[in-house]
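Asks: Fit chain P to the known structure of chain Z by using the hints.
Those protein sequences? They're chains Z and P, same order as listed. Heads up: the first sequence runs through residues 1 to 187, numbered per the working numbering. Heads up: the second sequence runs through residues 1 to 172, numbered per the working numbering.
Just so you know, these hints were derived from the structure itself, not from any lab. Be aware that one or more of the hints could be misleading.
[To be verified] A partial selection of chain Z residues facing chain P, derived with a Cβ cut-off under 8 Å:
1. Y37
2. F50
3. G52
4. H65
Think of the CB as a built atom: it goes at the ideal place given N, C-alpha and C, for glycine as much as any other residue.
What follows is each chain in one-letter form.
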Amino acid sequence: MTRWYEDIDVGSEFPLGEHTFTTGEIKRFAKSYDPQYFHLDGALAAQSQFGGLVASGWHTASMGHRKMVDTIMAEADQIRATGGVPGEAGPSPGIDKMDFLAPVRPDDTISYRLLVRAKRPSKSLPGWGVMTYFMDGTNQDGVTVYTQEFVAFNRIRRPNLTLGQRVGMFIAALPIVGPMIRTRRLR
Amino acid sequence: MSEPAPSYEILQDRRHFEDLSEGEAVVLATAKISKEMIFEFARQFDPLPFHLDEAAAKKSLLGGLAASGWQTAAISLRLFVDGFLGELASLGGLGFSNLKWLRPVMAGDTIGGRVTISNLKPSRTRRGWGIVTFDFDIRNQNNQPVMTMCLTNLVARRPAPALQDPTPQDPT
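Here chain Z stands alone, though its shape is the one from the complex:
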């Protein structure tokens, strides 16, 4: 998200656009990251429980991430173009849950969206908010192909910080020392 913590409302929904998966890119992803026969070989896949070639769930999900990044960058550009200062998104500590619900087949078009489920100021990273997001992808027939729950950080525009937290943020911004303490587990 390129919005500030204060500007992200719980319950809001962001369309992230769509992507059509071609046979070529399904096989290319599988060759690099998930070389199982039902992702790689149409003839063998026809004999599998899928009845034909299907994309790796990781491909569908990685593309969802790509659509989110594209949306965020486009929004940041728009904010800058109108003289504003975009907010800042921090690293994600992980994905709580990912469910692959239905296969994605060649020429399927998946529409992605992002929902804001919850937010709170971070305890471990002063000045940042912890956001709980939900994402899903739906194919051209309205079937949800995957869902995902994850947590990410967004910077707070006007954080109420104690002196100790301000000192901590200063140290975290220093070279060498900063990265050492910043790579701790966050949440």
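Replies: Showing chain P alone in chain Z's frame:
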């Protein structure tokens, strides 16, 4: 989805659900993550400036060029398919939970690790299916944890007669 009709010709020589046991672990091969690999993945799936440009990466929160977390996961999956899953009668992945990116994977790092079967559960809805949970513990060259996750995958059960006799049959 319609009723599955998996070909046992493809799966028959592979390890089935019954051949697995909780606690079984596999040590994965390792993969060195080059700058070029990071750029290539980022161009396709995570085109943020700090994954695509070294100068921008130096100024970022991580202080250098780091792989997308999704790339760390995808490469871990590849190591797992090559080292274990590819030998199973896999019927596809169901998803995963508790994926944690514990440490960034920087350009030049080598990742590997261990995957342990933490749970085996026959499917309640499909007689021929078993649900297997794999716990990933992915580490860098300094043995520091970089990623953990619990992956769930469907693995075929042996056709009914074989269920009576757990001893592997010699095909010859």
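Asks: Hints first: check each against the structure and report whether it holds.
Replies: To see whether the hints hold, each was checked on the structure:
Contact between Z/Y37 and chain P, as hinted, is supported at the beta carbon level, the nearest pair being about 7 Å apart and thus within 8 Å. Here the hint on Z/F50 is kept, as its CB sits about 7 Å from the closest CB of chain P, short of 8 Å. Residue-level restraint check for Z/G52 is violated (minimum Cβ-Cβ distance to chain P is 11 Å; threshold 8 Å). With its C-beta approaching chain P no nearer than about 6 Å, Z/H65 sits inside the 8 Å limit, and its interface hint holds.
When the structure is compared with the earlier hints, a violation turns up for hint 3 alone.
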